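Participant: These are the residues of each chain, in order.
Protein chains: 2
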Amino acid sequence: MKTQASATGTPGAAKAKRPPAADTRARAASVPAARRVRDADATRARILEAAKKEFAKLGLGGARVDVIAMRAKANKRMIYHYFKDKDDLFRAVLEEVYADIRTMEAKLDLDALEPEAALHAFLAFTWTYYLKHPEFLALVNSANLHKGRHLLRSERFRELHIGFVPLLDRVLKRGAAQGVFREGIDPVHLNITIAAVGYYYLTNRYTGSLMYGRDLVDPKALEERLAFNMDSISRIVRL
Amino acid sequence: MKTQASATGTPGAAKAKRPPAADTRARAASVPAARRVRDADATRARILEAAKKEFAKLGLGGARVDVIAMRAKANKRMIYHYFKDKDDLFRAVLEEVYADIRTMEAKLDLDALEPEAALHAFLAFTWTYYLKHPEFLALVNSANLHKGRHLLRSERFRELHIGFVPLLDRVLKRGAAQGVFREGIDPVHLNITIAAVGYYYLTNRYTGSLMYGRDLVDPKALEERLAFNMDSISRIVRL
DNA sequence: CATATAACTAACCGGATAGTGAATAGCGCG
DNA sequence: CGCGCTATTCACTATCCGGTTAGTTATATG
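In the order they appear, the protein sequences are chains A and B.
Under my numbering, the final residue of the first sequence carries the number 239; numbering is consecutive throughout.
Under my numbering, the final residue of the second sequence carries the number 1239; numbering is consecutive throughout.
It is worth saying that the hints were derived from the structure and are not from the lab.
As the structure is a prediction and not an experimental result, all values here were calculated from the model.
Ideal placement from N, C-alpha and C gives every residue a C-beta, glycine not left out.
Quick partial rundown of chain A residues pointing at chain B, CB under 7 Å, derived from the structure:
| # | residue |
| --- | --- |
| 1 | Gly148 |
| 2 | Val188 |
| 3 | Tyr201 |
| 4 | Phe228 |
Stretch-level coverage of chain A by chain B, calculated; a stretch enters the list once three of its residues show a Cβ under 8 Å from a Cβ in chain B:
| # | region |
| --- | --- |
| 5 | 158–171 |
| 6 | 209–216 |
Hey, can you work out the whole structure from these sequences and the hints?
Facilitator: Encoded structure:
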C-alpha cells in the first residue's frame, strides 16, 4: 500500500490539457471527430482505459479512483459524472473487456472451419488472447472474488454470451457426424476445460514458477504449454 | 466499498475478552496448554485465521487490518507485534494455507497406489480441497495479482514444494512401465492441467454461471464436472 | 514472592480516500 | 450570435486506514 498517489491532495493532472487551443477551433468544424477541447466520448474512453489498468493491477479493493483520474488525464469529478460510483465503473470495465474478447472471438468464424481445425483455432485464440491481455485474467478474477455481483444485473453481459455455447456445440456435432470426435461431449464442459488449461497456467504464473522452480513464461515454456494443451484437447474429444 | 468497518474509530473489540478470569489461573500450571488469559500462540493463530478469511474475501488491497483485528478478537497492535506489516501478514497467511494443502496431499500416499488409482485419487483430492476451501483459491489469486512478491523470498514456500513434482513423476513412470500410460509425459504440465480443470471451474463459478446460464455449483453439476475431469485426465495419459 | 519479560490495550496520527457542491466555459442549435 | 446544455474544473468533506506511541498487566522463572 504505502504511498502511490501523488503527495498533493488533488490529482493535479489535466494541467497541460490543451497545448494548441486557439487554432484547433478553426478545423473543428470541418474535420468530423477532430481534437476537440471537450470530447465526452474520448474522456469516458480514457477513464475506462485507465480504470481497466488500475483495477487489473490492484484489484477492485486496491485500486484508487484518484489514481484512475490521474492516469486518465481527467478530473476525478468526471468519473462520477459518467459513472455512479467505483463499483459502477468496475462493472463498465468488465462489460468492456468481455465485449472485446467476444468480438475478437466471433471473427474466427469457426463454422467455416473443419471441426478439428476449428477446435485448434479456438484453443489457440483463447491462449493468445489471455497471453496478450493479462488484465483480462486479473479483472475476471476480481469479478469472481466479488461473487460476480457487478455483472448480476448486466443485460449487456448476458447478451454477449448468447450463442457462445451453441457455436462450439455446432463444431462438436459436425465432428461427431464426420466420425472424428466422439458423441455426447458437453460443449460447456469442453469450453471450460479449453479456457482452464490456458487461464490457470497464466494467472498463476508467479506462484507456479516458484513452485516448480522453472520460468513458466519463458517463450520456450509458453510454446510447450500450448502444444501440451493442443494435444490434451485433441485426446479429450477424439473417439 | 462504502462503510464496512465499525462506525466508531477504534476497533472496539476485545471487550468481553476473558469471561472466566480468576479461576483459570489455578489450572494453568498443571495442564500443558490449558486455557490461559494470555496465550501468544493462540492469539497469533486467531490473527492468522481472521486474516485468511478477510484477505480471501476482499483481496490484499480490500482487506482492512482493523477488521482483521476485530475478527481475531485481538487488539490491532498485536498484529504489528507478530507481523511486520500488512504484507508480512499476507505472506504468513499464504505460507499457512500452502502448508495445509501440501500436508493433506502428502497423506494420500500416492506411491502406495496403482498408477491409475493414484492419478484418480490425486485429481479427486485436488478437486475436493478446492471445493471445501474456497479461501485457498482466492488467496492464490491474490498472491498472483501481486506477482508472487510475497513468496519470492519465502524459504518455507520453496521447501513445501520440493518433492512435489518427483512424486507425480514416479506415478507416471510406474504407469509407463506397466504399459497403462504413454511415455514422456511432463509431470509439471500434467500437474498444472489437473489443478487447472478444477481451479478454473471453481474460482470462476460466478461469471461462469452467468455466462452459461446454469448453476455451476449445483451438487449435480459438481459431480458432473468431477466425472468430466476424471475422464479428461485418463484420456490425456493413456496410450 | 520479587521481578524481568512479553502479552496485551487505549488512544492517537497524518495522510489517504470515496464521493460532492457549486461555479466556469466550450459547443451545438436555432 | 446568443443561449442552453453539459463537459470540465476547483475546492472541500467526512471518514478511513495503516501504523505507532506510550503505556498496563499477566506470567514464567529464580
